[in-house]
Every structure is written in C-alpha cells, then in structure tokens.
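If you read the protein sequences in the order shown, they are chains U and S. For reference, each letter of the first sequence is one residue, going 0 to 177 in numbering that gives the first Met the number 0. For reference, each letter of the second sequence is one residue, going 0 to 308 in numbering that gives the first Met the number 0.
It is worth saying that the hints were derived from the structure and are not from the lab. Because the structure is a prediction, the values reported are computed rather than measured. The beta carbon of each residue, even a glycine, is placed where N, CA and C say it ideally should be. Check the hints yourself; a few may be wrong.
[To be verified] Straight-line distance between alpha carbons at most 16 Å, and here's what the computed EDC-like set of lysine to aspartate or glutamate pairs gives:
hint : chain 1 : residue 1 : chain 2 : residue 2
1    : S       : K290      : S       : E279
2    : S       : K239      : U       : E73
3    : S       : K221      : S       : D127
4    : S       : K200      : S       : D252
5    : U       : K169      : S       : D127
6    : S       : K99       : S       : E299
7    : S       : K235      : U       : E162
8    : S       : K235      : U       : D137
9    : S       : K239      : S       : E279
10   : S       : K71       : S       : D119
11   : S       : K235      : U       : E70
12   : S       : K257      : S       : E270
13   : S       : K271      : S       : D252
14   : S       : K130      : U       : E73
15   : S       : K235      : U       : D131
16   : S       : K235      : S       : E264
17   : S       : K130      : U       : E162
18   : S       : K62       : S       : E138
19   : S       : K194      : S       : D183
20   : S       : K290      : S       : D252
21   : S       : K185      : S       : D228
22   : S       : K239      : U       : D124
23   : S       : K251      : S       : E203
24   : S       : K241      : S       : E258
25   : S       : K251      : S       : E289
26   : S       : K71       : S       : E141
27   : U       : K169      : S       : E141
28   : S       : K239      : S       : E289
[To be verified] What the simulated footprint calls covered on chain S by chain U, stretch by stretch (three residues with Cβ under 8 Å from a Cβ of chain U suffice, anywhere in the stretch; the number is not a length):
hint : region
29   : 121-131
30   : 292-301
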Amino acid sequence: MNEEAPQTKERVICDKCGTILHEKIDGHKSLTDIEEKYVSVARGRKFKWYVTPANLLLTCLFIAGIDYVTEPNEAKFNLDWAVWPIIGIIFLFLAAALLSKRPESFWVMGPLIFIELIIFLYAMDIAYGSNDGIFGLDWSQIPILFLLIFGFAIPLVSKLGFETPTIDEKFDRMVGDE
Amino acid sequence: MSKMEVFRAILDGYYSNILWFREKLIPPGKTAILETLKVVGHVTTIEAIRSNMPSKPRDVIVKDPCLPFHLKGSRTGILFTHGFGSSPETFRELATFLHKETGFTCRAVRLEGHGTSVQDLERTNFLDWYKSIEFHYDELAEEVDEIIMLGHSMGSTLSLLFSAFHPVKAIVAISPPIKLHRPDAKFLPLITWFKRYWPTKKSEVASYQKRGHYYYSRRALKGVINLFDLMRVTRKKLHKVKAPIFSCVGLKDTRVNKENMALLELLVSSEKVEVSYFPESYHSIHHGDEKELLYSKILEFITRETKTE
Numbered sequence: 000m001n002e003e004a005p006q007t008k009e010r011v012i013c014d015k016c017g018t019i020l021h022e023k024i025d026g027h028k029s030l031t032d033i034e035e036k037y038v039s040v041a042r043g044r045k046f047k048w049y050v051t052p053a054n055l056l057l058t059c060l061f062i063a064g065i066d067y068v069t070e071p072n073e074a075k076f077n078l079d080w081a082v083w084p085i086i087g088i089i090f091l092f093l094a095a096a097l098l099s100k101r102p103e104s105f106w107v108m109g110p111l112i113f114i115e116l117i118i119f120l121y122a123m124d125i126a127y128g129s130n131d132g133i134f135g136l137d138w139s140q141i142p143i144l145f146l147l148i149f150g151f152a153i154p155l156v157s158k159l160g161f162e163t164p165t166i167d168e169k170f171d172r173m174v175g176d177e
Numbered sequence: 000m001s002k003m004e005v006f007r008a009i010l011d012g013y014y015s016n017i018l019w020f021r022e023k024l025i026p027p028g029k030t031a032i033l034e035t036l037k038v039v040g041h042v043t044t045i046e047a048i049r050s051n052m053p054s055k056p057r058d059v060i061v062k063d064p065c066l067p068f069h070l071k072g073s074r075t076g077i078l079f080t081h082g083f084g085s086s087p088e089t090f091r092e093l094a095t096f097l098h099k100e101t102g103f104t105c106r107a108v109r110l111e112g113h114g115t116s117v118q119d120l121e122r123t124n125f126l127d128w129y130k131s132i133e134f135h136y137d138e139l140a141e142e143v144d145e146i147i148m149l150g151h152s153m154g155s156t157l158s159l160l161f162s163a164f165h166p167v168k169a170i171v172a173i174s175p176p177i178k179l180h181r182p183d184a185k186f187l188p189l190i191t192w193f194k195r196y197w198p199t200k201k202s203e204v205a206s207y208q209k210r211g212h213y214y215y216s217r218r219a220l221k222g223v224i225n226l227f228d229l230m231r232v233t234r235k236k237l238h239k240v241k242a243p244i245f246s247c248v249g250l251k252d253t254r255v256n257k258e259n260m261a262l263l264e265l266l267v268s269s270e271k272v273e274v275s276y277f278p279e280s281y282h283s284i285h286h287g288d289e290k291e292l293l294y295s296k297i298l299e300f301i302t303r304e305t306k307t308e
C-alpha cells in the first residue's frame with residue numbers, strides 16, 4: 000500500500016489548439032519534436048552587437064562614396080542625394096532593432112513608425128522642387144495619405160477596437176458557468 | 000527573439016483587417032469566389048504563415064525535484080496543490096505523514112509553468128493552473144471514490160475555486176489568499192511594460208533551497224497579475240463551495256492576514272468552516288515551527304470528515 004506508483008503523467012498541451020503534444024511518464028524527459036523545434040529556434044546563429052551597425056555603416060559609406068565621386072557635388076559635404084538612402088537605412092535599422100526587442104509592442108510602434116516614414120517623405124519632398132502644392136508638397140500627398148490611412152489609422156482603430164474576452168469570461172466559458 | 004515572432008507581430012495589426020475585408024466584401028455563402036480572386040493567394044498565405052508559426056521558445060523541461068508525485072493507497076484520495084512559484088515537492092513531508100497515518104492515496108499536482116522556468120510561468124495564466132488540477136483530479140478520480148483538496152497559498156485558492164465546480168469531500172486551505180490589500184497591484188500591468196520579473200527575497204529562496212525544494216529566484220509579474228485575477232474570480236465563485244473547510248493562517252504571515260479567514264467564512268456556502276490560527280508561524284505553516292501541530296489538526300479534520308458517513 001505504501002509503495003510509490005510510477006504512473007505519474009505530465010502532459011504538454013499546444014497553446015493554440017489544445018491538442019496533447021506528448022505525455023511524460025514519471026520524469027522521463029525525452030524531447031518531443033516540438034521541443035526540438037524550440038531548441039533549433041533558440042540555437043540560431045548569434046553575432047556580436049556591433050556586427051549589424053558596422054555592416055550598415057559600411058553600406059552607408061559605400062553609398063556616400065558613389066555620391067562623392069559622381070557629379071555635381073554641389074550640396075554640403077559634396078553629397079547630393081546620398082543623405083536620403085542613408086537616413087532611410089538608419090531609420091529601418093532603428094525600427095527593426097526596436098521591434099526585435101519588443102515585438103508585442105508593434106501595435107503601438109507600428110503606427111509610430113509609419114508616422115516617422117511620413118515625416119521622412121515630407122522632408123524629402125520639401126527639400127526639393129517648387130513646393131507649390133498643398134502644404135508645400137509636390138509629389139508626396141498620395142503616399143502620405145496612403146500611409147496615414149492604411150499604416151496608421153486603420154491598424155490602430157482595428158487593434159484598439161478588437162474585442163477580446165476577459166479572463167473572467169474565459170473562465171466562465173471553460174467551466175460552463177456562463 | 001525569433002524572426003518569425005517579429006513577423007507575427009507585424010502581421011497581427013493587419014490580420015484583422017484582412018479578415019474584416021474578406022467578411023464584408025465576399026457575400027455570405029459565396030466564399031468560393033475567393034478561389035478565383037487574385038487576392039486569395041495573399042490572404043491564404045498570410046493565414047498559413049500565421050497559423051504555422053512556432054510559439055515563443057521557452058524552457059518547458061520540468062526540473063527533477065518538481066515532478067508531481069503519487070502515493071498509492073486506499074479509495075480516498077488527497078490532492079495537494081502547491082503555491083505560486085513553488086513545486087509539488089513542498090508537500091512531500093505532509094503527504095507522507097498523511098499517507099502513513101490514514102492510508103489515503105496522495106497525489107501532488109504540478110501547476111503549469113511551475114518547476115520549469117520563470118519565462119514559462121510568465122506565459123501561463125490561472126486557467127492553465129486550473130486545467131493542471133483538473134487533469135490530476137481526473138487521474139486520481141479513476142483510483143478513488145472521494146477526493147479531499149489540500150492546498151497552500153495560491154494552491155489553496157485554486158483548490159477552493161476548483162471545489163466550486165467539482166465534487167470534493169473536504170477542503171484544507173493553508174494560508175489561502177482571498178483578498179490581498181495591495182493598492183500598488185493595480186499598477187502591475189503598467190510595470191510589466193518596463194520590468195517583467197521581480198527578484199524574490201533571497202532569504203525566501205534560501206529557505207526553500209535549504210529544504211531541497213525548487214523555487215523561482217524571480218517572480219514573473221504577469222504571473223502575479225494572474226494571482227490577483229484568480230483571487231477576484233474565486234471571490235465571485237466561493238458561494239458555490241459547499242464542502243467542509245479547514246483553513247489556517249500564521250499570525251506572523253505578512254502576505255495573507257487573518258482578515259482573509261473572515262472573508263472566506265463570509266463568502267462560502269459550506270456549513271462547516273474550521274479556522275485555525277498559528278501564532279508563531281509565517282506564510283509556510285507546513286514548514287514552520289508549528290508544523291507538527293498543523294499536521295495533527297489536518298489529520299484530525301480529515302479523519303473526522305471521512306468518517307461521518
């Protein structure tokens with residue numbers, strides 16, 4: 000009567016569909032396919048922190064070099080157009096870095112990134128041309144409007160208005176006490 | 000952080016829009032038209048990518064001293080539920096004692112997210128913990144005719160909640176938190192944006208380690224939020240609890256004070272509610288100086304309740 004039974008089971012259940020991924024019996028710790036997948040994801044190749052910024056810096060230098068050796072070299076530092084792709088690369092790097100740190104915050108950061116993109120387009124438009132259109136814009140009204148509506152307004156409204164059940168409601172549903 | 004997760008987060012904001020467009024633009028019953036539309040390729044691709052994405056990598060391997068245990072005995076069973084951040088092994092001594100004295104079948108639950116990693120605990124909520132108890136309850140119910148629920152701290156709150164929806168013979172609740180007066184708790188969701196884990200007191204971890212028990216050295220703040228959710232839901236459901244209850248609290252306990260006992264008595268529908276106070280004990284009464292007294296009181300209560308019929 001006092002013997003310890005070895006039939007203690009542990010179940011690993013899928014977070015999404017609720018199916019049983021595997022059953023573990025009394026501490027038998029074999030990795031399942033799913034867990035091996037986790038391990039393979041975690042073992043992705045790692046670089047030191049300076050690799051990506053350094054590579055991007057070299058790319059920016061290359062772009063600046065092309066601009067420098069080509070005519071007419073009238074703008075500041077003898078650069079005519081290279082400042083824009085360089086700003087774009089820095090902007091994309093910062094956005095990607097922020098997102099990889101906190102991907103769940105995309106619904107806040109995503110619309111902000113689009114706003115930044117709008118400012119970037121606006122600045123680029125203002126910097127050149129006759130600036131005699133609406134708000135001094137020549138060509139960027141449509142892309143800005145597009146980004147404002149589809150990149151900022153619609154995702155934000157949809158996310159804020161997304162109906163999610165509270166944990167109390169989920170519990171009531173689970174125990175059938177609705 | 001995997002690239003797929005970043006991709007999933009990027010897709011998330013647009014996914015609801017795609018579904019909305021698909022629902023509104025395609026007439027009901029004519030979804031087959033999607034097959035002919037060029038856009039269907041993108042919609043189904045996004046759906047496929049989204050549904051096949053791997054979950055967040057986390058350590059789900061249960062550590063050695065944290066496995067649930069089962070002591071086979073008579074047709075009466077006791078189901079032990081441990082507290083927040085703790086493990087089933089903390090009940091080994093009490094379970095062995097009760098098993099020896101009564102001969103009852105004893106089984107200790109490992110709650111989901113416990114005994115693995117603090118990242119794993121962070122992803123779980125009290126519904127997962129409830130399901131863990133349900134799983135072990137069903138397994139135990141195959142062996143025994145009647146089940147007594149026994150829990151410590153959060154485990155006792157879960158036991159009380161579980162007893163509201165399942166037939167149990169009696170409930171033993173050691174230091175059950177029903178309502179904690181922490182006004183700062185309402186700021187926890189905000190704090191989790193900046194800080195996900197909070198270090199546990201070194202002395203507390205050391206005391207667990209001294210006994211050979213596993214205990215997280217950090218607290219997942221999302222888990223703490225879940226603990227408060229659990230207490231709120233339990234308060235709402237306690238009126239459904241009808242089984243006899245033995246509840247106790249240490250008077251030196253800085254987390255669960257004796258007001259919780261009064262609240263428990265007030266909210267439950269049980270005819271028998273025995274409350275006991277331990278003047279020299281802290282939160283873990285079953286490991287403190289008065290544990291022998293607690294053991295004897297639990298034994299007395301269980302013996303009495305199982306003999307009544």
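inquiry  = Of all the hints numbered above, which does this structure not satisfy? Sort the numbers upward.
reply    = 2, 7, 8, 9, 10, 11, 12, 13, 14, 15, 17, 18, 22, 24, 27, 28 and 30
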